[in-house]
Structure formats: structure tokens, C-alpha cells
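Chains as they are written, first to last, in the working numbering: chain A, 1 to 348; chain B, 1 to 310; chain C, 1 to 255.
Calculated from the structure, these hints are not laboratory results. Take the hints with a grain of salt, since some may be wrong.
Cut-off 25 Å, straight-line C-alpha distance, at most; resulting in silico cross-link-like pairs (SDA-like, lysine to any residue) [what the hints assert, rightly or not]: (1) C/Lys110 <-> A/Leu294; (2) C/Lys110 <-> A/Glu339; (3) C/Lys127 <-> A/Asn193; (4) C/Lys110 <-> A/Lys347; (5) B/Lys297 <-> C/Tyr71; (6) A/Lys331 <-> C/Lys169; (7) C/Lys169 <-> A/Ile188; (8) B/Lys297 <-> C/Phe13; (9) B/Lys297 <-> B/Pro278; (10) A/Lys347 <-> C/Ser94; (11) A/Lys347 <-> C/Gln157; (12) A/Lys329 <-> C/Tyr71; (13) A/Lys347 <-> C/Phe13; (14) C/Lys110 <-> A/Lys329; (15) C/Lys8 <-> A/Asn219; (16) C/Lys138 <-> A/Asn343; (17) C/Lys138 <-> A/Glu339; (18) C/Lys169 <-> A/Glu210; (19) C/Lys169 <-> A/Asp208; (20) C/Lys110 <-> A/Ile225; (21) B/Lys145 <-> B/Tyr161; (22) B/Lys297 <-> A/Asn219; (23) C/Lys127 <-> A/Asn343; (24) A/Lys331 <-> C/Thr118; (25) A/Lys347 <-> C/Tyr71; (26) C/Lys110 <-> A/Val185.
Partner residues are not named here, just some residues of chain C that face chain A (Cβ under 7 Å, in silico) [said to hold, decoys possible]: (27) Tyr53; (28) Asn86; (29) Ile87; (30) Trp90; (31) Ile96; (32) Leu112; (33) Gly119; (34) Glu125; (35) Gln126; (36) Thr129; (37) Ser171; (38) Met216.
Keep in mind that this is a model prediction, so the values were computed, not measured. Idealized CB from N, CA, C, for every residue including glycine.
So you can see what is in the structure, the chains are spelled out below.
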Amino acid sequence: MKRFGMPALIGISFLICIVPSWLGWFSNYIQFIITLIGINIILTVSLNLINGYMGEFSVGHAAFMGVGAYTSSLLTVYLLTENPFFGKAILPEELSILIFPISLLIGGVAAAIFSLLIAIPSFRTRGDYLAIVTLAVNFIFKSSIENIDAIGGPRGFMGMGKVVKAMDNLVSFPWLIFWTFLIVVFSIFIIRNFVNSTMGKSIIAIRDDEIASELMTVNTRWLKIVAFMLSCGLAGMAGGLHAHTVTFINPSSYFILQSTYILVMVYLGGMGSLSGSVISAVLFTILLEMLRPLDVWRWVATPLLLIILMLFRPTGIMGSRELLDVFPKLKKYFSSLQERLTNAFIKS
Amino acid sequence: MTLDFFIQNFINAMQWGSFLALIAVGYTLVYGVLLLINFAHGDIFMVGAYTGYFIGTFLTNNFEIKLPFDLPGWVVIPVTIVATMFITALVGVAIERIAYRPLRNRGAHRLYLVITALMFGLLLEYGNLALLGASDRQFPNLFDKIIYSIGGITVTNIKIYVILLSFLIMGILWWIVQKTRWGMAMRAISYDRLAVPLMGISVDQIILFTFVLGSSMAALAGIMYGTAFPILRFNMGMLVGWQAFIAAVVGGIGSIRGAMVGGYILGFTQIFVAAFLPSTYRDLIAFVVLLLILAIKPTGLFGVPRRTKV
Amino acid sequence: MPLLKVDKLTHYFGGLRSVDNFNLELSENELVGLIGPNGAGKSTVFNLVCGLYRPSEGSITFNGHNLIGRYPHQITSLGIGRTFQNIRLWNELSVIDNLRIAHFSQIDYKLLDSLFFTGRLVRDEQKVTQEAMDLLDKFNLVPYVNELPRNLPYGIQRRVEICRALVMKPSLLLLDEPAAGMNQGEIGELINLVRWVKDEFKVTVWIIEHQMRVIMNICERIQVLDFGSIIAEGTPKEIRDNPLVIKAYLGEEVT
Numbered sequence: 001m002k003r004f005g006m007p008a009l010i011g012i013s014f015l016i017c018i019v020p021s022w023l024g025w026f027s028n029y030i031q032f033i034i035t036l037i038g039i040n041i042i043l044t045v046s047l048n049l050i051n052g053y054m055g056e057f058s059v060g061h062a063a064f065m066g067v068g069a070y071t072s073s074l075l076t077v078y079l080l081t082e083n084p085f086f087g088k089a090i091l092p093e094e095l096s097i098l099i100f101p102i103s104l105l106i107g108g109v110a111a112a113i114f115s116l117l118i119a120i121p122s123f124r125t126r127g128d129y130l131a132i133v134t135l136a137v138n139f140i141f142k143s144s145i146e147n148i149d150a151i152g153g154p155r156g157f158m159g160m161g162k163v164v165k166a167m168d169n170l171v172s173f174p175w176l177i178f179w180t181f182l183i184v185v186f187s188i189f190i191i192r193n194f195v196n197s198t199m200g201k202s203i204i205a206i207r208d209d210e211i212a213s214e215l216m217t218v219n220t221r222w223l224k225i226v227a228f229m230l231s232c233g234l235a236g237m238a239g240g241l242h243a244h245t246v247t248f249i250n251p252s253s254y255f256i257l258q259s260t261y262i263l264v265m266v267y268l269g270g271m272g273s274l275s276g277s278v279i280s281a282v283l284f285t286i287l288l289e290m291l292r293p294l295d296v297w298r299w300v301a302t303p304l305l306l307i308i309l310m311l312f313r314p315t316g317i318m319g320s321r322e323l324l325d326v327f328p329k330l331k332k333y334f335s336s337l338q339e340r341l342t343n344a345f346i347k348s
Numbered sequence: 001m002t003l004d005f006f007i008q009n010f011i012n013a014m015q016w017g018s019f020l021a022l023i024a025v026g027y028t029l030v031y032g033v034l035l036l037i038n039f040a041h042g043d044i045f046m047v048g049a050y051t052g053y054f055i056g057t058f059l060t061n062n063f064e065i066k067l068p069f070d071l072p073g074w075v076v077i078p079v080t081i082v083a084t085m086f087i088t089a090l091v092g093v094a095i096e097r098i099a100y101r102p103l104r105n106r107g108a109h110r111l112y113l114v115i116t117a118l119m120f121g122l123l124l125e126y127g128n129l130a131l132l133g134a135s136d137r138q139f140p141n142l143f144d145k146i147i148y149s150i151g152g153i154t155v156t157n158i159k160i161y162v163i164l165l166s167f168l169i170m171g172i173l174w175w176i177v178q179k180t181r182w183g184m185a186m187r188a189i190s191y192d193r194l195a196v197p198l199m200g201i202s203v204d205q206i207i208l209f210t211f212v213l214g215s216s217m218a219a220l221a222g223i224m225y226g227t228a229f230p231i232l233r234f235n236m237g238m239l240v241g242w243q244a245f246i247a248a249v250v251g252g253i254g255s256i257r258g259a260m261v262g263g264y265i266l267g268f269t270q271i272f273v274a275a276f277l278p279s280t281y282r283d284l285i286a287f288v289v290l291l292l293i294l295a296i297k298p299t300g301l302f303g304v305p306r307r308t309k310v
Numbered sequence: 001m002p003l004l005k006v007d008k009l010t011h012y013f014g015g016l017r018s019v020d021n022f023n024l025e026l027s028e029n030e031l032v033g034l035i036g037p038n039g040a041g042k043s044t045v046f047n048l049v050c051g052l053y054r055p056s057e058g059s060i061t062f063n064g065h066n067l068i069g070r071y072p073h074q075i076t077s078l079g080i081g082r083t084f085q086n087i088r089l090w091n092e093l094s095v096i097d098n099l100r101i102a103h104f105s106q107i108d109y110k111l112l113d114s115l116f117f118t119g120r121l122v123r124d125e126q127k128v129t130q131e132a133m134d135l136l137d138k139f140n141l142v143p144y145v146n147e148l149p150r151n152l153p154y155g156i157q158r159r160v161e162i163c164r165a166l167v168m169k170p171s172l173l174l175l176d177e178p179a180a181g182m183n184q185g186e187i188g189e190l191i192n193l194v195r196w197v198k199d200e201f202k203v204t205v206w207i208i209e210h211q212m213r214v215i216m217n218i219c220e221r222i223q224v225l226d227f228g229s230i231i232a233e234g235t236p237k238e239i240r241d242n243p244l245v246i247k248a249y250l251g252e253e254v255t
């Protein structure tokens, strides 16, 4: 029974998200919001790895998201659709169901490779160095795309709608929600495993005392780069999903404002709390949607609400705790490997 | 490249660099004292420009509410500058009081302060958009524009004022930080934040002073920016502010000399890139140069690496 | 062959020569002390050996490996454990996690194992936990496994830190002022602990200490450092009677 806590949770949320969409009980708008929530969860959870667990300060998550968004959209649009950018489709539409997830994966890999270029010089010194470099990355990404006229430059890129449509024509199924759901589960799964293993937990040690970590045999430089690439790769996959959800992207979609939103969700949830990240991504996305009638004032109300929230809860919603620390009774269903091992030893 | 062309761009770069340097100083002052990247600072610059716009428009009798008499230029200019600096400083201090100080006192993680700063930046920016609308504003003419042409070079008196005034102000700032009691206390805090309270200096007052200084510099930059490029937009704070922040970093954040030099370096890079390549490449190359500088010298040009005792 | 051989080690902080021509040979299972007034450069010597600073001149050889130019984590993985003057446990991680993470260089699984929760990960984590628990058991620290270090009494924190330094199965243990901040009773316990660690784990102990009681009691050999250079070397008794040492500690004699 204890071992099935996680699969049960995943199964239930799968049913809640996908079946009603499949049966058409959810309007397109609600489906859109669900996808957006999923994307934001991936972004928040992945950035939490760097800004929360590792205690570094990356402000360029949107740029890595953008790399993934452009890579995967270019791929699907180039391969599957007739479009003003590349002309005729190369592969038949029927392959869209297969190509789409592959393109997401390639988008993630592209973002991870891009992040490696950033990470190698960035992690030589500590402090706010990464913040500065990643801030510059926002500008560099936006400027670079704006200067590539072949993919629309500042006017943006589109055609992903056709790809999504092609998938739907083939098999009527909420494909976007489905893949978003899978990647959300995948992100949470690997990050949770990582930070609960001796190897991954060492990033918390780095946050706590980097010199002590290095002297206790932790290869801090390697670990930081690996964590950064992991995080940015997930952001790239989220970007691919985002591009196919909104069906029109331009370089400004993945600029500082988007980076700021991801940061806000991370700190709102709490540094180093996965469940906090999930909760805050859900709340924040819904809040933004609910404030939509306010029009321009939405952009005033959101930061204002957050400032007030920070004043009352300066550690975010969850602090560094997990939901399980709040409900200790549930703990036995979801405890991590290390906790189980330790407890087994204490008992014996 | 002809000499004329070079000098023309040189003067433009000096002017653009002056704005960046004045704003960058504000970032670096706060960072030196609080180790806080005050991301709201760019929008304080925007507040400065808009405050200058309202006061200037009012005093030159171009506002809806009119004065019963016309004021001469030698009254309008200093009053606009001083009042704008004062009001902008108030905004800066208010942010520190409302948001940063309570968080600091509750022992919040440093990065939560940074996020709050980001939020305040957005609040100011979109507050402006919501209140004043998306339309551009025309900054009043405080100076009559005179154009000098020497050979192929054209220089306006405004450019010369901007450059000279920036140098003067930065000189004064340098003097305040190096020679006055307050300035010394500021520097002392950035060296050792535990010892200063022991020396009978109130840290809160110094922080306040830092925000006053940084915000009034930004206000001044705002007025000068408005005079030189008289179109104001709600998001100008973000566009210029981020670049000034980068300039502060190139110089070595926390170092005042560094912020000034960094401002001019970034200014020169951007103007000269734009002179030779399509202007869309401006940011791209400027930021690549920044990364290169940081790759060679990670603490910036004048930054001192902090060494932790083991 | 000596376990650790430090030869003509010299290091500058800016223009200041903080360590000047430092020489040392440590054999296996020795207990050697390094003493000297505040600021004499003792911790700097440790940091040079661990690779935190790069020496300006000189060579350091450990077990036949040249240590110069290696990263600290590589050096300590070779079998050098160390503790810190001001205890540097990871305060946001439990005691058991502190010990587990010090196993970093010993875990066999790869990154992908840790991401995808493979059998290899489970096996390895079990091994790591087993080793950590055994070690904690030897130090009588099992009741504290799930505590955060900052919530523990000072003496316990010291014990945890020494315990953590033994995780990497060191043949050389560097103790940086382990008795700092302890009362006389705790110092007595510490003396026994260090002796026990040396015998139980077959390590060479190199210790920096201010408390003469510790140094004189346990060290077989003592070096005295002042202004970065060695001014005296010998058995505790020789050091106690050395006029140069007395002068360095007490200043010029008043005549």
C-alpha cells in the first residue's frame, strides 16, 4: 500500500485533467488554462532546482524556454506543414503524433546545450555572477532571434496551430494536455529523485556552504553545471509545449517579463520546496487569469499582491518545507528512499 | 572612418554613456551597502523622467492647470531639477521603507528582497501605464536648442550640458563618498556590516542616505534623458535600466568608479556598434562584449573578489 | 615513503608572505601538532594542502600524488579528511545527510541512475546509509541522525564534524582547532576522542590547536609557526622549554 502513494496520485490527476478534456466536457479555454498551468509547473519546478535548492540566482529561464520553443516549433512547422517560412511539408501529416514529442525533446536538448555554454564560464565564481550572465542571456536571445529574418525576426513565428490540428485530425485526443501532463510528471519525478539522492542533495550542501562541500569531496563545479543543464533542458521542453499551445511566438514572449514570472512563482512557492512550486504555479496562473477583466490594472494588481504576500510570508507559501511536512500522516505513503533507509536503520 | 564621423559618434557615446553611468551608480550604491540588486532602480529613473515632465510642463505653463504668470528659464530649470530629485528620492526611500526594510528586519532570504525589487519595478512601470496610458509624452523644452556645426560635426548645446553636468555630478558624488562622514560610513558598511553599528553609526540611516543619493542621481538622469530624447514611454525604465545595471556589473558592482567607467564602456560599445552595423545588432553585440569582459574578469573591472575565511 | 611530504611551501596573500618555506614530513599513524600565535599562518597551511589556495612555491606530495594544481575535492578524495576552526557542518541538512553527502566521491551510480531511480541507485544509497550509520554508531551519534546540526550542542557538533571527516576513509586527518570554544570537561573528552580516532581508524592526525593542554597531551611531535615560518620543532617537552617559542607566545621578555 505504502509504495502506491505516488502512482495513485498521478493516476487520479491524470483522470481529472485528461478524461474530461477528451470527452469534451472542458471548453477550449479551460483546456488552454490547464496546459498553461502544466507548463508553468515545469518551469517553476525546474527553476527551483537552481534558485531554490542550489541557491544560485538565474534570471534567464525564459531565454532557455525560448530556445526550446523556437527549436521545436521550427522543427514541426518545417517538417509537417506548408508554411510561408520553408515552403512545402517534408513529411506527411500523419507523422505529427510522432514528430511532436520528438521535437519537444530536441527543444529540451537544444536548451540544455545552450545552457552549457552559459554555465561553463558562469560557475567559476559565486555570488550574483550567474544572475548577471543570465540577465544578459535574456537580451542576447531576444536580439539574436530578432536578427534572424528567415524565422520572422521581431515579427514572430507561427504555424504550430496546424501541427496541433493535424494531430487532432488524426486521433481526436487532447494531445497537448496529454504531453504537458507527461512532462510535468517526468519533471517532478526526476527532480524529486535527484534532490533525494546523495548526489543531488549535494546541491543543498553547496547552497549551505560551498567550500565545505568542495572539501568533503563534492565536485561542486560539475554538479552545478549538471543541475543547471537539467533545469534548462526542462525549461526548453516547457517552451516547446508553450509554443504549440499559444501557436504564435515572438522573441518578446521569452524576455525578462516571462523570466520574472517564473522567478515569482519559484519564490512564491518557497525556495527548495517542490510541492510549493506546484502550488504556486497553479495559484499564480489562475490568479493571472482571474484578474484578466482588470485589463491593464492586472499588471498593477499582480505585483502589488505579491509584494503584500512577501511582507506577510517572507519565505514563500511553503518555505523550504514540503507538503508532507505539513501533513506528517501522509508521509509514510510518499517518503523518499533515503528517509526509508534511515528509518529502517534506526528501527533495527 | 573619417575623423568627423568618429568625433560625432564619440560625442553621442559620451552622452549615452553619461545616462548609463548616472543610473548605474544608483545600482552600485545600493548593492555596496545592502548586497541587494535593486531591480526597481531602472523604474525609479522612469519616475524621475516623468516627474521632471510634469513639473517642467507645469512650470513652463504647458499643463492643464496654468500659472497666472510666466516664469523665466533660470527659475524653471533649477526648480524642476531640485523638485524632481526630491520627489524621486522620496519614491526611492518609500520603497525601501515599505518593502525592503520590513523584509530585512524579518530576516528574509536575500533573494526574496531581489524579487520584491523586481515586483516594485513592475508595479511602477504598469502603474504608469494604467494611470497615464500607453501614449508617449513629449518632454518640455527646458533649454532652447542651439545646434553648432563644426565641419561635418553637429553638436547641440543640450549634449554638451548633459555631458558636463554628468561629470560635475559624478565629481560631487565621488567627493561625498570619499570625503564626507556619510560617504565613509557607506563604504565602511560594504567592508564590514557588523562593525559599523558598533561605531555608533545607524545602519538604517545610512541605507536611507544611500537610497536618497541613488534615486536623485536617477532623477537627474531622467531629466537629462527627457531633454535629450524628449519622448517618454512607460517602459523606458526597463529598457534603459537593465542596460545601466549591466554597465554597473561591467565596472564591478559595488564599485562607484566601476559604475561610471562601465556606463561609458557600454555607451561607447552600443553607439559605435550602431554606427557600423544595423541598429538591431546593438544589444546583441553590447551584451556579448559584456559577457566577454566578465569571462576574463569575473568581478568586473574594478570589483574586488570577496574572500571567505576558512 | 612519508605519507605527506610538504617541501619549501611558500604562499603570498597580496604582498604579505603568509607561509614561508614550510617543510614537513608525516609518516603513517603519527599525531603531529601545529601551533603558533594568532595569524601565524596555520590555517593557511591547511588550506594550501587542501587545495583551497594555490602555493606560490614549493611542492606537496600525498601518498605519491602531487597535490599542486588539483581541485580541493580531488585532493580530499585521495584520503584527506578535515574539520574547520568554526564548525562548518551543513546546517540545513540532517546529521545523516551530512555524512551521506561526504560520500560523494564514493558513490558508484551515475547521474542518470539518480534521475531515474534505478536499482543501482537503491543499492548504492543503501550502502552509503549503512556506512554512515555504522560510523555514527561508533561515535555514539545515532540518537541525533535526523537532527539539524545547528540544533545540537557544541560538543556534539564537533563530534559530528570529525565523524564526517572520516567518511572519505582518510589516511590523513586535519583537525583545525578542534577544542576552540570548549570547556575543560569537553576538552578532556576531545583528547580521548582524538586518540581513539587515531587508533580506531588508523589515521595520521595533524592538528592545529591553541589549547596547550590538548597539544602537549596528545602530540608526538610539534611544529611552531610564527609569521609563516617554522621557528621550532620537536617533542612536547622540547617545545615547552624552547625560549623562541616562549618569546613568540609571550612577546619580548620585560627586562
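Verification of the supplied hints:
no.	hint	result
1	C/Lys110 <-> A/Leu294	50 Å, violated
2	C/Lys110 <-> A/Glu339	21 Å, holds
3	C/Lys127 <-> A/Asn193	17 Å, holds
4	C/Lys110 <-> A/Lys347	30 Å, violated
5	B/Lys297 <-> C/Tyr71	21 Å, holds
6	A/Lys331 <-> C/Lys169	34 Å, violated
7	C/Lys169 <-> A/Ile188	35 Å, violated
8	B/Lys297 <-> C/Phe13	19 Å, holds
9	B/Lys297 <-> B/Pro278	29 Å, violated
10	A/Lys347 <-> C/Ser94	18 Å, holds
11	A/Lys347 <-> C/Gln157	24 Å, holds
12	A/Lys329 <-> C/Tyr71	44 Å, violated
13	A/Lys347 <-> C/Phe13	52 Å, violated
14	C/Lys110 <-> A/Lys329	33 Å, violated
15	C/Lys8 <-> A/Asn219	29 Å, violated
16	C/Lys138 <-> A/Asn343	18 Å, holds
17	C/Lys138 <-> A/Glu339	21 Å, holds
18	C/Lys169 <-> A/Glu210	21 Å, holds
19	C/Lys169 <-> A/Asp208	23 Å, holds
20	C/Lys110 <-> A/Ile225	15 Å, holds
21	B/Lys145 <-> B/Tyr161	11 Å, holds
22	B/Lys297 <-> A/Asn219	23 Å, holds
23	C/Lys127 <-> A/Asn343	14 Å, holds
24	A/Lys331 <-> C/Thr118	22 Å, holds
25	A/Lys347 <-> C/Tyr71	39 Å, violated
26	C/Lys110 <-> A/Val185	22 Å, holds
27	Tyr53	11 Å, violated
28	Asn86	11 Å, violated
29	Ile87	10 Å, violated
30	Trp90	4 Å, holds
31	Ile96	5 Å, holds
32	Leu112	9 Å, violated
33	Gly119	12 Å, violated
34	Glu125	6 Å, holds
35	Gln126	6 Å, holds
36	Thr129	4 Å, holds
37	Ser171	14 Å, violated
38	Met216	28 Å, violated
Hint compliance for this structure: hints 1, 4, 6, 7, 9, 12, 13, 14, 15, 25, 27, 28, 29, 32, 33, 37, 38 are broken, all remaining hints hold.
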